[in-house]
Structure formats: structure tokens, C-alpha cells
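> With the hints as extra help, turn the sequences into a complete structure.
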Amino acid sequence: MNIYFIRHGMTQGNKERRYIGKTEEALCKEGKRELQGKRYPQVEKVFVSPRLRCRETAAILYPHQEPVIVEELAECDFGVFEGKNADELQESEAYWKWIESGGSLPFPEGESREGFARRCLSGFEKVRRECQKYQIETAALVVHGGTIMSILTEVGRPKQEFYDYHVGNGEGYQLTLEEAVSEVGVWRTL
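So the number in the working numbering is just where the residue sits in the sequence shown, counting from 1, plus 1139.
Watch out, some of these pointers could steer you wrong.
[Said to hold, decoys possible] The calculated lysine to any residue pairs, modelled on SDA-like cross-linking and capped at a C-alpha distance of 25 Å, are: (1) Lys1223 <-> Arg1258; (2) Lys1171 <-> Pro1202; (3) Lys1177 <-> Tyr1304; (4) Lys1223 <-> Gly1152; (5) Lys1161 <-> Arg1172; (6) Lys1223 <-> Ser1251; (7) Lys1161 <-> Ser1240; (8) Lys1265 <-> Arg1252; (9) Lys1171 <-> Glu1183; (10) Lys1161 <-> Glu1227; (11) Lys1177 <-> Asp1303; (12) Lys1161 <-> Ser1243; (13) Lys1272 <-> Tyr1201; (14) Lys1161 <-> Gln1151; (15) Lys1184 <-> Lys1265; (16) Lys1223 <-> Glu1253; (17) Lys1223 <-> Ala1256; (18) Lys1265 <-> Met1140; (19) Lys1161 <-> Glu1253; (20) Lys1161 <-> Gly1307; (21) Lys1223 <-> Pro1247.
What the hints contain is simulated information worked out from the structure, not anything from laboratory work.
Laid out in C-alpha cells, this is it:
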């Protein structure tokens, strides 16, 4: 089974390097244009985060597919950092504590990295089970950068650190799952 993890197209918040998790933000014109200029693998099924930017991306990449929304694949809840960028958070003591922790502290009034990873892995497991149940051999997950990094940090081989799986907007990874093999192969494809 091949699963393609695709990060949503660019938004204005991405351009401004903002923490955008729960915010419903549409793709910007540049983001739509970039997606239309790339080729993506054909798949039997498309799964998406509930966020607008992911649903819009899926509609551009797979216009003839009806995507399945998987709530657990939503981006991290950035708490009080939501909608802000690093420049706007320079005076925040909570921000500097979080930075100094290497991102291991929970976002103030938001999610912890561990809680976010558990949620994302739960969503991935739902997708994997549905693909097995209906004998789907190729699927796309149109999700967020944080979602991709969280899942692949746990299931990707060779084992890598969280930020090693970072991808740009509209980029992604191909993950190959083989029932007879416990390892998962991951490589950048898009």
C-alpha cells in the first residue's frame, strides 16, 4: 500500500510565517497557482484534515474525488501563539520558554507535542484500517506540515527527528506499507 502525505498549499499565514493551527484560512492566490503547476500521483482515495486549506488543496489536486475528512489529522492547537509569528512573540516569556525547551513544552493553552502526535497517529490508524478494509492500494492524505512530521517521526524508516520530515507547501512524502514487513519506507517524492 502506498500512502502519499501532501502538505496543503500556501496560505497568507504561511507567507507571514504565522502559527496557524485551528484558524480556518483559505489558500492564497500564489498557493493555488503553485498547486496547479505541479503533478501529483493518482490515488484511489483521498483523506483530508477538516481545515479549509486542506480541503481546498484536495479539490485542486483531486477534483474528481470525494475526500474523507479525518478530524484527528487537523493541525496542532498552538494555543496563545495562534495567528502570531516569531516577531510578534519576541516579548512573550512563554514563547521563549517554549523555544528554549526545543518545542517539548506544551503550547500555552494549546496542545503538547505528545498529545498532538497521539491524535495524529490515531487518525493515521483510521486511514490505514480503511485502506485495508476496502483493499485500497494508493491513498493521499492532504494534511499539515505538523501532522506529517508527527506521523512520520513515529512510523518512518529510517528513524528521523521531528523536523527532519519538514516539507514545504504542496510537497510531501510517499510511505510504503507492506504487511509482511514491519518497517515503513519513507522518501520525499513531490
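> Each hint: holds or not?
Comparing the hints with the structure gives:
no.: 1; hint: Lys1223 <-> Arg1258; verdict: 24 Å, holds
no.: 2; hint: Lys1171 <-> Pro1202; verdict: 13 Å, holds
no.: 3; hint: Lys1177 <-> Tyr1304; verdict: 20 Å, holds
no.: 4; hint: Lys1223 <-> Gly1152; verdict: 9 Å, holds
no.: 5; hint: Lys1161 <-> Arg1172; verdict: 24 Å, holds
no.: 6; hint: Lys1223 <-> Ser1251; verdict: 18 Å, holds
no.: 7; hint: Lys1161 <-> Ser1240; verdict: 23 Å, holds
no.: 8; hint: Lys1265 <-> Arg1252; verdict: 20 Å, holds
no.: 9; hint: Lys1171 <-> Glu1183; verdict: 23 Å, holds
no.: 10; hint: Lys1161 <-> Glu1227; verdict: 18 Å, holds
no.: 11; hint: Lys1177 <-> Asp1303; verdict: 23 Å, holds
no.: 12; hint: Lys1161 <-> Ser1243; verdict: 20 Å, holds
no.: 13; hint: Lys1272 <-> Tyr1201; verdict: 22 Å, holds
no.: 14; hint: Lys1161 <-> Gln1151; verdict: 15 Å, holds
no.: 15; hint: Lys1184 <-> Lys1265; verdict: 13 Å, holds
no.: 16; hint: Lys1223 <-> Glu1253; verdict: 22 Å, holds
no.: 17; hint: Lys1223 <-> Ala1256; verdict: 22 Å, holds
no.: 18; hint: Lys1265 <-> Met1140; verdict: 15 Å, holds
no.: 19; hint: Lys1161 <-> Glu1253; verdict: 18 Å, holds
no.: 20; hint: Lys1161 <-> Gly1307; verdict: 19 Å, holds
no.: 21; hint: Lys1223 <-> Pro1247; verdict: 13 Å, holds
The structure meets every hint from the earlier list without exception.
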